[in-house]
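Participant: From the two separate chains plus the hints, produce the assembled complex.
For the protein sequence lines, the chains are B and R, in the order given.
Residue numbers for the first sequence follow my numbering, beginning at 1 and rising by one.
Residue numbers for the second sequence follow my numbering, beginning at 1 and rising by one.
Where hints are given, some of them may not hold.
Listed next, with one range per pair, are the computed distances between beta-carbon atoms [what the hints assert, rightly or not]:
| no. | chain 1 | residue 1 | chain 2 | residue 2 | range |
| --- | --- | --- | --- | --- | --- |
| 1 | B | Ala93 | R | Leu8 | 57 to 67 Å |
| 2 | B | Thr99 | R | Leu126 | 26 to 36 Å |
| 3 | R | Pro25 | B | Ser54 | 43 to 53 Å |
Some chain R residues close to chain B (C-beta under 8 Å, calculated; not the full set) [to be verified]:
| no. | residue |
| --- | --- |
| 4 | Leu126 |
| 5 | Leu128 |
| 6 | Val159 |
| 7 | Ala221 |
Hints listed in this document are in silico derivations from the structure and should not be mistaken for laboratory results.
A virtual CB, placed ideally from N, CA and C, is assigned to each residue, including glycine.
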Amino acid sequence: MSRRASTWAAEAAAVFVKDWRCEYRTRYALNTLGLFAFTTLVVVSVVLGPIGNSLQMATAVLPVILWLIVLFAVTAGLPRIFVAEEETHTATALRLAATPSALFCGKAAYGFTIVTLLEALITPLFLAMLQLSIARPGLLVTALAAGGFGMAVGSTLIAAMVAQARTRSALFAVLLLPVLVPALLFAVQLTRAAIAGEPPGVELRMLLLYDGTLSVAGLMLFPSIWTP
Amino acid sequence: MRTLLLWLLWLLIAASIVGAYLFAPPMKGFVGGGESSRILFFHVPMAWTSFVAFIVAGVWSAIYLRTRNRRHDHAASAAVEIGLIFCILATVSGAIWAKVEWGAFWNWDPRQLSITVALIYYAAYLALRSQIADEEVRGRVAGAYAVLGLVVSPFLFFVAPRIAGFSLHPQPVLNQQMELRMDHSVLGILIGGSVGFMCLFFWLHNLATRLAALADRAEEA
Numbered sequence: 001m002s003r004r005a006s007t008w009a010a011e012a013a014a015v016f017v018k019d020w021r022c023e024y025r026t027r028y029a030l031n032t033l034g035l036f037a038f039t040t041l042v043v044v045s046v047v048l049g050p051i052g053n054s055l056q057m058a059t060a061v062l063p064v065i066l067w068l069i070v071l072f073a074v075t076a077g078l079p080r081i082f083v084a085e086e087e088t089h090t091a092t093a094l095r096l097a098a099t100p101s102a103l104f105c106g107k108a109a110y111g112f113t114i115v116t117l118l119e120a121l122i123t124p125l126f127l128a129m130l131q132l133s134i135a136r137p138g139l140l141v142t143a144l145a146a147g148g149f150g151m152a153v154g155s156t157l158i159a160a161m162v163a164q165a166r167t168r169s170a171l172f173a174v175l176l177l178p179v180l181v182p183a184l185l186f187a188v189q190l191t192r193a194a195i196a197g198e199p200p201g202v203e204l205r206m207l208l209l210y211d212g213t214l215s216v217a218g219l220m221l222f223p224s225i226w227t228p
Numbered sequence: 001m002r003t004l005l006l007w008l009l010w011l012l013i014a015a016s017i018v019g020a021y022l023f024a025p026p027m028k029g030f031v032g033g034g035e036s037s038r039i040l041f042f043h044v045p046m047a048w049t050s051f052v053a054f055i056v057a058g059v060w061s062a063i064y065l066r067t068r069n070r071r072h073d074h075a076a077s078a079a080v081e082i083g084l085i086f087c088i089l090a091t092v093s094g095a096i097w098a099k100v101e102w103g104a105f106w107n108w109d110p111r112q113l114s115i116t117v118a119l120i121y122y123a124a125y126l127a128l129r130s131q132i133a134d135e136e137v138r139g140r141v142a143g144a145y146a147v148l149g150l151v152v153s154p155f156l157f158f159v160a161p162r163i164a165g166f167s168l169h170p171q172p173v174l175n176q177q178m179e180l181r182m183d184h185s186v187l188g189i190l191i192g193g194s195v196g197f198m199c200l201f202f203w204l205h206n207l208a209t210r211l212a213a214l215a216d217r218a219e220e221a
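For reference, chain R alone in the conformation it holds in the complex (with noise of 0.2 Å):
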């Protein structure tokens, strides 16, 4: 079963691979005839999946916090772990695209300054638990960061960008009035690669749990 849903999942990441450069039609205002536009099937899929990894990483911490299973330590370290490898990625490639569209590679548009935020916040979390030794202390405080973090986060990925009123980047998919702005074939490859790539993630997560709680048991025999 397990191996089914893998290759289905490797099937949906392979299809939204092709999709993005076969399939979806070059979206209207953007460089180079619109082909520029096909970063979004993989900067915003990558960007979503960071977001998704801080609530993980948040939610697993909460539950730690409450039942002080060291499983869900390592499930939230996990999360963070992996989560800041698709936010670099978000970054760089949004970065890149930035270049591309907006002649700079940054211009502290509000969501670069969000995944910016969210890089430092995941690096910090990581840094602090490097620097505690007693892994039960190191459990709670490194917890109670990432539900802070969990606590900060609408405002920087919610508020900051809608007060700043301009951004470079083009409308939300949902925009104020919550319509569907995008067209039909662009947004399922990029729902599909979505979803692929949060498939990812939890399959990433998923094994880096059971290796943190394996190499416990090791210790422990």
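So that you can see chain B by itself, here it is in the shape it has in the complex (with noise of 0.2 Å):
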């Protein structure tokens, strides 16, 4: 009997769209990663006031803090990738429906985009509470999309190794933060050359390829994790 064929990018499009129409249908991951990141802003803003005002504090402990807002809002979110996969019992139907890079791809795109809204929401809202001025948006943007890309790579692949463990939410930290720790490094000076109006530097080439070897590790490694 031969299978109906469908292309590879068909494949990941499909996961892609069944994972967004889930979650418009729930609204869970946005609820939940909005509102954490939001409080966490509140926190931040009480207890800071208007640090962006003096640019030496700005430079030093906003960049940060910003980073670490969106990392704690995507170990609380994104473990639901796969997670939700495992607790609805459809992981079966997945791996038999989709090839498992097409299914990598369709669910790194979804967690980039989820990512993408989170720091869309939450940049504005940080550069107003915190009086915050960027001498270089561009760069504060490329830097947020490059760091965004590479935590919905790492969390994507981490989230598949944690849905097939016993304490899933717990893991998923401890498993993600070592892997991300370059590509927040990174991240962060880019951060911090955007507020102060400097040039790039190394950092962006070096995050570009930390994403770019980060992908092709995640390509390459998934079907182990997610083909018995």
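Facilitator: As structure tokens, then:
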């Protein structure tokens, strides 16, 4: 019996659309990530006040806080990418429906769009509440996109790992943080340069290289994680 | 033959320890008239060995993902367990040295960052293994995490320290000008100690892997 052929791109797109359709119906990830990030931002803003007025304090402290908010929101909300499939017992159907590489790309694309929406929500609020001005907005957008991409790809791969373990939420953060440390270091340095108005330097190239490395590693390792 | 090799290993390690205290000259620029530099002969080999263990774990994991032979999974797990011990020893000895040399146990020097992230990575790998009950799933998933570590580690160990520009650590033995700037007797004892520690790691690794294979056989019987 021959299987109806579907292209790799069609499979990846189908996974992406399926995840967004589920998300649209429940709005679980967006609510969780958004509320978590907003709450953390409120606490930071109340405690630190208008710290962005001092350039020295702004470049020293605020880039780290912005990326910590995004990181904490990601660790809270992105494990659902694969954990939800295990909980609703749809993982087996997914194994039959799509090739592993297409599934990984579809899920990573979904994760990346979630992270992008989160950053688009939080960053303007962050700038407004902490009274921070950005000398190089283009560099900030690049840093957020590149850092967010690395987070999404890393999260997708680690989510697939923890979906098959027992204590999923706690283990996700433990596994993800060492993988993301290089990307976060480069992203924070780039954000710092964006605030201070300095040119990007070698960190941008290294961050893009790291994103590429994670993507290739994810594509190569995902079949071993996913397929029994 | 094995006994002879073990005796040679113990002699090499003993000679390195004796040489570190009695034959190595104190190095210029270190606290206590250069005497604090003697930790170099312990801290550096342990750090190098922990990095080698990282690579060994990644390689055995990649082999396991190809062959699905449980013995290869045991080899990967053993490399991480023993590598974690070397990593802790390197971190603690480095922190003690940092206190003596730079006045603070921790300064987030780029190399301190690298060894800390490696430590967290090893511990996370062992946490992952403990949370998966099924042997086959555990081997696959933990193996994939170890191979991912192999891919990530060059950024941690080579890129991050060099990007930071500054480092409290002395220049690497082979620096950017590719010159050896170390006294020959110091270099000799350092290399001897490093070889000794790495051979110790491989011996312990061999023992742990064989023990795990025997435990499997006992279970099946």
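Participant: With reference to the structure, classify each hint as holding or not holding.
Facilitator: Now the hints, each set against the structure:
1. B:Ala93 with R:Leu8: 57 to 67 Å: For Ala93 of chain B and Leu8 of chain R the Cβ distance comes to about 59 Å; the hint holds.
2. B:Thr99 with R:Leu126: 26 to 36 Å: Taking Cβ atoms as reference, Thr99 of chain B and Leu126 of chain R lie about 32 Å apart, which means the hint holds.
3. R:Pro25 with B:Ser54: 43 to 53 Å: Once the Cβ atoms are compared, 50 Å apart, the range 43 to 53 Å for Ser54 of chain B and Pro25 of chain R holds.
4. Leu126: 10 Å, violated
5. Leu128: 6 Å, holds
6. Val159: Val159 of chain R check passes; min Cβ-Cβ to chain B is 6 Å, inside 8 Å.
7. Ala221: 27 Å, violated
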